[in-house]
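Add chain B to chain A, keeping to what the hints say.
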Amino acid sequence: MSVAETTPPAGTSRSAFHTADRPRWEDYSRCIHCGLCLEACPTFRLLGEEMDSPRGRIYQIAQADAGRLPLAGAFETHIGRCLDCRACQTACPSGVEYGKILERARAELAAQREVRGPKAWLANYVFRRLLPDPKAMARQARLLRWYQRGGARAVARATGALRLLGLAQAESLAPEVEGEFFRAEMGRTFPALGPRRARVAFLAGCVQRVAFAGMNRATLRVLQAAGCEVVIPAAQTCCGALHVHAGRRAEARELARTNIQAFAGFDAVVTNSAGCGSALKEYGDLLENDAAAEEFAGRVRDATELLAALGLPAGMLRPLPWKVTYQDPCHLAHGQRIRSAPRQLMAAIPELELVEMVRADSCCGSAGIYNVVQPEIAGRLLDEKMATVRATRAATIVTANPGCMLQLRAGIRRSGAADRVMHVMELLDAALEPGAAENPAAKPE
Amino acid sequence: MEKLRAIRPRLQALLGPDGVVADALGRMLYEYDGGVDRGEPDLVVFPRSPDEVIAVLRLAREHGLAIIPRGAGTGLSGGAVARDGGIILSLNRMRKILSVEVENQRARVEPGVVNLELSERISGTGFYFVPDPSSQKACTIGGNVAENSGGPHTLAYGVTVNHVTGLEVVLADGEVLRTGGMAPDMPGYDLTGLMVGSEGTLGVVTAVTVKLTRKPEAVRTLLAIYDQVDRAAETVSAITAAGITPAALEMLDGFTLRAVEAAVQAGYPLDSAAVLLIEIEGLQEEVAEHAAAVEAVCRQAGAREVRQARDAAERGRLWAGRKQAFGAMGRICPNFYVMDGVIPRTRVGPVLRGIEAIGQRRGLRIGNIFHAGDGNLHPLVFFDGRQAGQLELAREASREIIQLCVEQGGSITGEHGVGMEKDELMPLIFSEADLDFMRWLKQAFNPEGRLNPGKMLPTYKSCRETALATRPELGKTIEARI
Chain A
-17 MSVAETTPPA GTSRSAFHTA DRPRWEDYSR CIHCGLCLEA CPTFRLLGEE
33 MDSPRGRIYQ IAQADAGRLP LAGAFETHIG RCLDCRACQT ACPSGVEYGK
83 ILERARAELA AQREVRGPKA WLANYVFRRL LPDPKAMARQ ARLLRWYQRG
133 GARAVARATG ALRLLGLAQA ESLAPEVEGE FFRAEMGRTF PALGPRRARV
183 AFLAGCVQRV AFAGMNRATL RVLQAAGCEV VIPAAQTCCG ALHVHAGRRA
233 EARELARTNI QAFAGFDAVV TNSAGCGSAL KEYGDLLEND AAAEEFAGRV
283 RDATELLAAL GLPAGMLRPL PWKVTYQDPC HLAHGQRIRS APRQLMAAIP
333 ELELVEMVRA DSCCGSAGIY NVVQPEIAGR LLDEKMATVR ATRAATIVTA
383 NPGCMLQLRA GIRRSGAADR VMHVMELLDA ALEPGAAENP AAKPE
Chain B
46 MEKLRAIRPR LQALLGPDGV VADALGRMLY EYDGGVDRGE PDLVVFPRSP
96 DEVIAVLRLA REHGLAIIPR GAGTGLSGGA VARDGGIILS LNRMRKILSV
146 EVENQRARVE PGVVNLELSE RISGTGFYFV PDPSSQKACT IGGNVAENSG
196 GPHTLAYGVT VNHVTGLEVV LADGEVLRTG GMAPDMPGYD LTGLMVGSEG
246 TLGVVTAVTV KLTRKPEAVR TLLAIYDQVD RAAETVSAIT AAGITPAALE
296 MLDGFTLRAV EAAVQAGYPL DSAAVLLIEI EGLQEEVAEH AAAVEAVCRQ
346 AGAREVRQAR DAAERGRLWA GRKQAFGAMG RICPNFYVMD GVIPRTRVGP
396 VLRGIEAIGQ RRGLRIGNIF HAGDGNLHPL VFFDGRQAGQ LELAREASRE
446 IIQLCVEQGG SITGEHGVGM EKDELMPLIF SEADLDFMRW LKQAFNPEGR
496 LNPGKMLPTY KSCRETALAT RPELGKTIEA RI
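Chains A and B supply the protein sequences, listed in that same order.
Reminder that position 78 of the first sequence reads as 60 in our numbering, one-by-one numbering, no gaps.
Just remember that our numbering sits 45 ahead of the position in the second sequence, which is counted from 1.
Okay, chain A solo, but in the shape it has when bound (with noise of 0.2 Å):
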């Protein structure tokens, strides 16, 4: 028998990793490399190499503690090309918690990597001005909706201009801007329809309210007839997800705190985003020690867990004869083990028929700003992505996440393979009885 080390010493000082926010040796060394985590994998089924796969990932990391693997490099090109889906934590029967310990060599690699010109200048500004400041935001999206609807894009496109710029798939994921953003709502309070049943406050979302105004508005909708008096803070900000993937947990903390302090004293904290949602239960996480951090995240709920557990009232749907097709998200059904509340919350609206697609629960590429900074890979998971949406049949795809929806969008334009993508709160707001179906005059918060 050959002799062979199974665990190498970690955390030694010839350890890749410096700083406070590095992989943790009792997190890394769950992970046994049984491989049952292999086919669960959507860029290991994709590019079927090692490297590209959970254990693989895992194993380079615990590979980079002890000081055998640089950072630079191939290690940082497997680690970027990871969609942090968590599919592989649903397949691991060792309760690897993947996310964790992959977020956290990518702060080791935000740490260590010194990027300068324009798209470091670009990265700083995204994160750490756009996408916490509502503001700046809205100046933006209105520079955007100029854009798209004033004829430039037109110009743009049939120029070839953005292929030029190597623009054109981050503009064909770009979210249509909607004509009035999701602000007046801000700070304000929406009563419950018929009896209270229970006092919510809402995440409003950065992109959200530029881009998805109307999901917004219709998940209220949904919650009031539903029996939900939903508060929306006006001292909320952004929730951070997209800086964690990005290894920027700095600036994510601050985040946290924030929105700790402004959903103080809510029996629950409510979002449409999945995303965002699994960013907020994991503030735990991110503010190592905070007892404040784990009660908040203890209070997190993602819109359908709500509802499903509350119940719908009855009579408050009416029969909606659809076809659809529901897409799981990721961090719903593999970051928050959500899968049964979207459907039980579908199956409660008379005639619709949802028909499964295959691997229902496999990331359709979007993953956060996945679909831009690795176009190629997410272009062909979405391809088979729309394969298996196809072979239903359905006009609608459903989902329960902003990011899916702007992936799938531009899945169906491309590829034709359904009519529309909608929210499961837009499905169900689509189905509420008439007189359930308007925003009620708020009152200030």
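Keep in mind the hints are simulated off the structure, nothing from the lab.
Check before you lean on any hint, since a few could be wrong.
[Claimed, not checked] Looking from chain B toward chain A, a few residues come up when the C-beta cut is under 10 Å (computed):
| no. | residue |
| --- | --- |
| 1 | Met73 |
| 2 | Phe91 |
| 3 | Val159 |
| 4 | Ala308 |
| 5 | Ala365 |
| 6 | Met374 |
Cβ atoms here follow ideal geometry from the backbone N, Cα and C, with glycine treated the same way.
For chain B alone, coordinates are given in the frame of chain A:
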């Protein structure tokens, strides 16, 4: 090094830039499989067709380099690990289901097709592929063929070799051998049987014809719960004595089932000393009758309680616990060594007591989970790889366990294969004449020893103490060979 420099550009020209991995990180990522052995390859190649496999083998022959075939790398005996360098030939980009003929109960697949994927793809037909190793959602059919994999349902249906009727194999010199065929039993030597379980030492499989089996009309799953391990052990032989062959008969001891329960919530009672998971398959009436009989046998042997799964969901949960058991152990200990030994089913009780004593002597925790019905044990030896000497201690305990199995009339492996983990233990169960015969056979297919070198047959390079300790009469032969 010279050889590698020469072959690399030729492989790249053949397979394209993403078909060859040569960088330090990439090679490091192919130094492991699902077990504890390690060995870094010099190159990893990813052919996409049988023609590319042929070309790779011809090049390797020309340059005198070793080839190590690999599927998903979920094996537990180092079968897909490059023991002394060489080229890993990864088959997981060859994953087409070539044909399915339900009326002939056959399917033809490429080696990289994932075990469970085949059954899922044909699920509408009422047929499935029987072998169900615990890694079935990730392991490949090519890997199953190489290791002659088993699984819980081996008891009633047999191992992989009983479900493969033909193979296409590329030999060391690039020649193609086609074995078996559509007929269930072909004349001539049983070359299919020879190839299945040969662990990549005779050739590289590029297509597999498998037998499809009709799903049983009815399935009933029982969970028998015990306060004493011995009573569970006695039940195993009592069921056979009663004239019933369950489709599966699995056992988990208390320590193991508690860890599993934390991971999977399968429904195993936390305060029990052992549980038996028993599955009965067949026609409706027969199943009901056998289930009642099995339940009676369990109670008679001292089961505290016997539960029957009420529906498919509960059945799924009971099995999820068993199938994910190895992985779930990562929760309780940073490292463990999965053993694979075989004993006669009548010896389960004494062997379990013996295993416990071995663990106590060495201060190691040992859990037990296994295919009780066919006496295929999987003791799990827990250790902390960070502490110096712990791995060696675990290996020593494991060797002792295997010796115990052999003394009780059993074997050194049931289904995980010999690989580089147990090649030196082969003399425990085979005479030197037996082994020589196997060497001749290997010589015929693999004369230069370049196919998966250092696997399956003892090289007597290390650990000869093991062989000497148990079979002193071998001493002279071994000395003569070194």
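Hint by hint, here is what the structure shows:
no.: 1; hint: Met73; verdict: holds, 6 Å
no.: 2; hint: Phe91; verdict: holds, 7 Å
no.: 3; hint: Val159; verdict: holds, 6 Å
no.: 4; hint: Ala308; verdict: holds, 6 Å
no.: 5; hint: Ala365; verdict: holds, 9 Å
no.: 6; hint: Met374; verdict: holds, 7 Å
Comparing the model with each numbered hint stated earlier shows that all of them hold.
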